[in-house]
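**Student:** Residue numbers for the sequence shown follow the numbering used here, beginning at 1 and rising by one.
Treat the hints as calculated values from the structure; they're not laboratory data. Check each hint, because a few of them may be wrong.
[To be verified] For each label pair, taking beta carbons as the anchor points, the in silico distance ranges come out as: (1) THR153 with LYS335: 19 to 29 Å; (2) GLU277 with GLY77: 25 to 35 Å; (3) MET372 with HIS72: 19 to 29 Å; (4) LYS335 with ARG89: 38 to 48 Å; (5) ARG195 with TYR154: 37 to 47 Å; (6) ILE271 with ASP326: 48 to 58 Å; (7) ASP134 with LEU273: 53 to 63 Å; (8) LEU368 with ARG259: 30 to 40 Å; (9) GLY58 with LEU147: 25 to 35 Å; (10) LEU147 with LYS349: 42 to 52 Å; (11) ARG146 with LYS335: 14 to 24 Å; (12) GLY327 with ILE271: 23 to 33 Å; (13) LYS81 with LYS262: 39 to 49 Å; (14) HIS72 with ARG355: 39 to 49 Å.
Backbone N, C-alpha and C define an ideal beta-carbon position, used for all residues, glycine too.
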Amino acid sequence: MSTKTTGRPLEPRKAKVFHIYKDFDVFNGLIAEFLVIAKYINKDLFDTTVCVFNYEGGRYGKTFQELGGKLHDLDFGYGVKGVLNTLLRLSDFLKEQKPDIVVTHDRRGNFFGIRAARKAGIPIIISTETTLKDASPTRLKRLRDRLLHPFLTYLVSRTDAFLLNSHSVQEQWKAKRLAGKSIVIYPPFNLDKYREAADAPQPQERQAGDYPTLGYLGRLSEEKGLHYLIGALAEVRKSFPAAKLLVGGMGEQEHDFKRLAKEKNLAPHIIFLGFVENSFRLLQQIDLLVVPSRSEGYGVTAVEGLAAGLPVVATEVGGLKEILSDGVGILVPSKDEKALAASIISILKNPAEMRKMGERGRKRAFELFTPMKFIEQLEGLYTRLMNERGTNRLVN
């Protein structure tokens, strides 16, 4: 890990924070975090740069830069050549740029970034993890992740802090060598998107015969569990014949889920919307949000549902257990269509409780999961580590 700096007082200046990640073209939860950081972090104190291994000029990177962040395409190439270039050149790049803090993300970012930052003598290194060990969609990849876990634990032990997005993820990194390093900071929901949806013309009031409309938001991949929700919908429709499902998101298994809907004669009742630019616009059109994940490190979709004032039914896995605890939402066993359907039917039959649950959820979202709360904790972590290492040069 980094050592404490000694000597004469340092000249005040902004702290340079470099994030190392794979790309900035495909939108995901981490890209959303970067956008929040670019907009809300104190720019008088922190200068934020995201370094990506490849960037194709996508709009999220452009938005990040418009908000005040800096984006650097390392452009080390692909395949074996890219690996060799990263091993040989990343530490030289960091040594030249001299960031005060390096934050590494994802398997590739942690693997290459921690090594390079240590070699470059960066004062503070923070590694991150956002998923559970069983998150990968195939058994072979889940086996790979478990085999890599001890090696990644060793790498993380050589950093100054280990930032996680939920206590459930933290529980999977309980090695002695990580004692005292890990800290949990919950990612925020997008307050700007929330306000944009609130200010937009509202959807037409639905007729009584349209009730209920269920909603799903997320990647269309195996671990997100949409197939369990499709199975549960068939049972829900026995109690609520007008029930339909709006599906927002894209992914490699979209074709499989559409085929499953046809096989269960549900195709007319499930609307696949593709990528949804503003999730809160979709949330305005539904009565109940369902998060049926098999594995979920955090669950920002559930947080968005709470902020929107919706009742949320979710599986009792990962960060969802924390987000929806204490009666804020309904938790059910994962991979259990019957339990999922029963919970959906039960809450739909009690509109008064749905309203109360929505009110409790919105209160929690605005207490715990706002961008301001996230940034306050992140800036606090940076400042604490710089104080501990004697490298705090922030302008007062």
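**Student:** All hints are to be evaluated individually against the structure, with a verdict given for each.
**Tutor:** Status of the hints after comparison with the structure:
For the pair THR153 and LYS335, the beta carbons lie near 28 Å from each other, so the given range of 19 to 29 Å is met. About 32 Å separates the C-beta atoms of GLU277 and GLY77, a value consistent with the hinted range of 25 to 35 Å. A hinted range of 19 to 29 Å for the beta carbons of MET372 and HIS72 is consistent with their spacing of about 27 Å. For the hinted restraint 38 to 48 Å between LYS335 and ARG89, the CB-CB distance of approximately 44 Å keeps it satisfied.
About 44 Å separates the C-beta atoms of ARG195 and TYR154, a value consistent with the hinted range of 37 to 47 Å. The given range of 48 to 58 Å is broken by ILE271 and ASP326, whose C-beta atoms sit roughly 33 Å from each other. In this structure the supplied range 53 to 63 Å is violated for ASP134 paired with LEU273, their Cβ-Cβ distance being about 28 Å. Between LEU368 and ARG259 the beta carbon distance is about 39 Å. The supplied range of 30 to 40 Å therefore holds.
Restraint check, GLY58 to LEU147: a C-beta distance of roughly 33 Å satisfies the suggested window 25 to 35 Å. A C-beta distance of roughly 47 Å is found between LEU147 and LYS349, which places it inside the suggested range of 42 to 52 Å. Distance hint check: the CB atoms of ARG146 and LYS335 are about 19 Å apart, consistent with the given range 14 to 24 Å. Restraint check, GLY327 to ILE271: a C-beta distance of roughly 30 Å satisfies the suggested window 23 to 33 Å.
Range check, LYS81 to LYS262: about 44 Å between beta-carbon atoms, so the 39 to 49 Å window is met. Roughly 48 Å separates the CB atoms of HIS72 and ARG355, a value that falls within the hinted 39 to 49 Å.
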